[in-house]
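S.K.: Residue-level listing of the chains:
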Amino acid sequence: MAQENNMIGGKLCHTNIADTLIFSEPCTLSENQIAKLWQIFAQIGDHWKDVYNESKNLKSAWLEMVKVKTQQQPSYSAEYNNAILVIEELTQLYGEQDAYQQLFFNYKIPQSQPEKDLEKPHALLTTRLAHAKYYVVNEFIRMQVLSGGFKHFGGQSNSSGEVIKVKGVNYKGFVKGSRYRNEDLVRTFEQET
Amino acid sequence: MEEHDYIIVGSGAAATVLAKKILEKNPLTKLLMLEAGDLIPAKERRQWWNYTTCADGPLPYQYTYDKKSDNQSTIGKDDKPTWTTSGGRVRAFGGSTMHWGGWALRFKPEDFQLFTNTGQGADWPIDYQELEPYYAQAEQYMSVSGDETENWQPRSTPYPIPPFEWTAADGEMIKAFQALDIQPGKMPVARYRKCMTTGTCKYCPYGARFSAQYVLQELVENPKFINFKVLTQSVVTNIIASSKTQISGVDYMNNQTNEAFTVTAKKIILCAGAYEIPKLLMASTSKYWPHGIGNDHDLVGRYIVTHSMLEVTGKAPSNPHGLWQEYDFPTLMSRTYDSPEQQKNGKLFLFKDRTRPKIDIAQLMIDGMSKIDINKKIRGECEFKLQAFMEEVGQYESRLSIGKGKDRFGLPLTKIEYQKTEEDDKRADTHIAFMKTIIEKMGLEVVKTFKQTPRGDHTTGTCRMSATAETGVTDANLKVHNIANLYICSNGVFSSNSAVNPTLTLTALAHRLAEYLNQQDESAHA
Chain A
1 MAQENNMIGG KLCHTNIADT LIFSEPCTLS ENQIAKLWQI FAQIGDHWKD VYNESKNLKS
61 AWLEMVKVKT QQQPSYSAEY NNAILVIEEL TQLYGEQDAY QQLFFNYKIP QSQPEKDLEK
121 PHALLTTRLA HAKYYVVNEF IRMQVLSGGF KHFGGQSNSS GEVIKVKGVN YKGFVKGSRY
181 RNEDLVRTFE QET
Chain B
1001 MEEHDYIIVG SGAAATVLAK KILEKNPLTK LLMLEAGDLI PAKERRQWWN YTTCADGPLP
1061 YQYTYDKKSD NQSTIGKDDK PTWTTSGGRV RAFGGSTMHW GGWALRFKPE DFQLFTNTGQ
1121 GADWPIDYQE LEPYYAQAEQ YMSVSGDETE NWQPRSTPYP IPPFEWTAAD GEMIKAFQAL
1181 DIQPGKMPVA RYRKCMTTGT CKYCPYGARF SAQYVLQELV ENPKFINFKV LTQSVVTNII
1241 ASSKTQISGV DYMNNQTNEA FTVTAKKIIL CAGAYEIPKL LMASTSKYWP HGIGNDHDLV
1301 GRYIVTHSML EVTGKAPSNP HGLWQEYDFP TLMSRTYDSP EQQKNGKLFL FKDRTRPKID
1361 IAQLMIDGMS KIDINKKIRG ECEFKLQAFM EEVGQYESRL SIGKGKDRFG LPLTKIEYQK
1421 TEEDDKRADT HIAFMKTIIE KMGLEVVKTF KQTPRGDHTT GTCRMSATAE TGVTDANLKV
1481 HNIANLYICS NGVFSSNSAV NPTLTLTALA HRLAEYLNQQ DESAHA
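Protein chains in written order, with our numbering: chain A, 1 to 193; chain B, 1001 to 1526.
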């Protein structure tokens, strides 16, 4: 089993727990819990500079996802609560800005090292920190990208990689519907005349 | 025992059209539909969020796929099966439309006259002109979005919905096509009305992909159709012949209760696909049909064929405009080499791969890559891939039959004797060489070519339609030769394959059969 070589966090982050979804009964999160979870989602937008589609524009979609993932089985309620505790510890250790920087860019979930290529490496979800990254951060990232939160990737950029023009770039899996009706679908081919 | 007007075996694309049209004509029709698979929950938001956001979000229907270990196909020289069954079909309420790509292409007039034109394979007992009005109905029914200015084949009506435009990522391949006198086209896709949020596709943002489940559910819930019933997990095991020319009903097993039942009907329609129908016919032996129903001439299961997928991948040193396909389906295709001139050498249906240039932004973020680095990666080295289906000709020696053992649905396993001909291999090599010229015309370096093992997705030809009982299994009206009340509506009845996907043609055949049956019923009633 691989050791974590990118150790961040403290005692709570490294508490060992089972590698399956933390069990909880379906329930409704409190407003305080939702606010703290939303902060994680918004920080994703801030750290990857989601200036075009601010995370805040996606709140109703995000709330719907959180609702169905907590109020139906298997419920994410305990996973979401775990992530809130992990963020609190990281914030105490590094301050708010660096806490997210460490979690998003420095921390890597340790991978299994299977013998003789019998199986593919897989994430070892044996700590509270690994659970928070896997079940919460990673899923929030996917949700934000597929919801059009990062359409500027692939837009016209300058030599340093900074996007200077945004035009209808779609991520595969992007949700088009009434909620996003003002968005361009995709960049289309313009025949040269 | 109550006698039904109709028993339909299977609940996929064809079955649904038949049920809908028969019930709409006469809402009180006693119609029983028997489906071996189960109902896969759709319109489930949780399922959809799991699929789109979780690392290993599974497709909810994958458990219905054929297992690799169930494959009893011929083993080729490379010690691998010559035919791949896994992943080709969904066994569930709504059938394989739960997972299909929605590509909705008409066959071309010459596809119905393969033997006349080339001396190979077989002609259909109907022609394109006969089927054309039903193609139009099928396109309306499935709300196909397509380009009404296309001229691939004659059509009496425009597409009901405008096409998806080519994406920016299609641009360089379009230019290469045009430089090589290949006409670029827009892929027609079946969309239907609205998104079911099935958790079964990532096809947004196009709003919806047609699924027969949606139609079928509406039929079940419609209070006008009080005599319509769908039984899932009900595996038909035998077709009962009451004489040489009459079928009285079927035996089926309820997988939930392990109880066996016999049900009777005036007419039976088999819509269970090109794998299950021939096995069911062969299993249904009696004193009238000692070799299985419709199999006096040993033709059931024969001429199994699909079209090979060919691929050529090219690499570009950079991607300055940060292009990728953006939709999860192809928007660029060409039928220039799906032509009468090409028929003798195997027609070729060209399309741009739906996944390249490939970039998974979310995964790069999850891996901790910064925005600037992601943008650099997007503009770095990339691949484009050209794919094609190559038409192949069904051979008498190629045969599907009943394998040893049963699968987890209680259906007999499938044995497929299939070997590609040397001619097919030569044609594939020639086509790949041609496809390379397109990739090279794009200024790309060819880095990979690939000939896929035939897969079961587009299987045709196991119950061929023919003019006589000596040359096929059903007649032009899809009635099993010499039996008054047994019909087959499946890709299996295709007399020959083509280079394009079969589902629109199957749906057109279902519309035509439904109209025929309704006329028959009306005459009988009168």
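The reader is advised that the hints may include incorrect statements.
[Claimed, not checked] Here are a few chain B residues that sit away from chain A, every Cβ distance over 10 Å (derived from the structure):
no., residue
1, D1170
2, K1371
3, E1383
4, E1422
5, D1424
[What the hints assert, rightly or not] Which bits of chain A does chain B cover? Going by a derived footprint, with three or more residues having C-beta under 8 Å, they are:
no., region
6, 63-77
7, 80-90
8, 125-139
[Claimed, not checked] Result set (SDA-like, lysine to any residue): computed pairs, CA atoms no more than 25 Å apart in a straight line:
no., chain 1, residue 1, chain 2, residue 2
9, A, K108, B, P1320
10, B, K1441, B, S1523
11, B, K1371, A, E25
Worth flagging that the hints you see were computed from the coordinates, not collected in a lab.
Built from N, CA and C at the ideal position, the CB exists for glycine as well.
S.K.: Please confirm whether D1170(B) is truly not at the interface, meaning its C-beta sits more than 10 Å away from all C-beta atoms of chain A.
M.R.: At roughly 5 Å from the nearest Cβ of chain A, D1170(B) sits no farther out than 10 Å, so the non-interface label is violated.
S.K.: Can we trust that E1383(B) is non-interface, i.e. its beta-carbon lies farther than 10 Å from all of chain A?
M.R.: holds, 15 Å
S.K.: So D1424(B) supposedly isn't at the interface. Is its beta-carbon more than 10 Å from every beta-carbon in chain A?
M.R.: holds, 33 Å
S.K.: K1441(B) and S1523(B) were given as a pair; does the straight-line alpha-carbon distance stay at or below 25 Å?
M.R.: violated, 60 Å
S.K.: Quick one: see if chain B covers the region 63-77 of chain A, three-plus residues with Cβ-Cβ under 8 Å.
M.R.: Result for this restraint: holds, n = 5.
S.K.: According to a criterion of three or more residues whose C-beta lies within less than 8 Å of a C-beta of chain B, is the region 80-90 of chain A covered?
M.R.: violated (count 0)
S.K.: If you draw a straight line from the CA of K108(A) to the CA of P1320(B), is it 25 Å or shorter?
M.R.: violated, 30 Å
S.K.: Does E1422(B) really sit off the interface, with its C-beta more than 10 Å from all C-beta atoms of chain A?
M.R.: At about 36 Å from chain A, E1422(B) clears the 10 Å cut-off, so the statement holds.
S.K.: Taking a Cβ-Cβ distance under 8 Å as contact, does the region 125-139 of chain A have three or more residues in contact with chain B?
M.R.: Coverage by chain B holds here, the residue count being 4 at a Cβ distance below 8 Å.
S.K.: Grab the minimum beta-carbon distance between K1371(B) and chain A and tell me whether it stays above 10 Å.
M.R.: Check fails; 5 Å does not lie beyond 10 Å.
S.K.: Against the 25 Å threshold, does the CA-CA distance of K1371(B) and E25(A) hold or violate the hint?
M.R.: Given pair K1371(B), E25(A) is violated - Cα atoms ~38 Å apart, limit 25 Å.
Checked against the numbered hints listed earlier, the structure breaks hints 1, 2, 7, 9, 10, 11; every other hint is satisfied.
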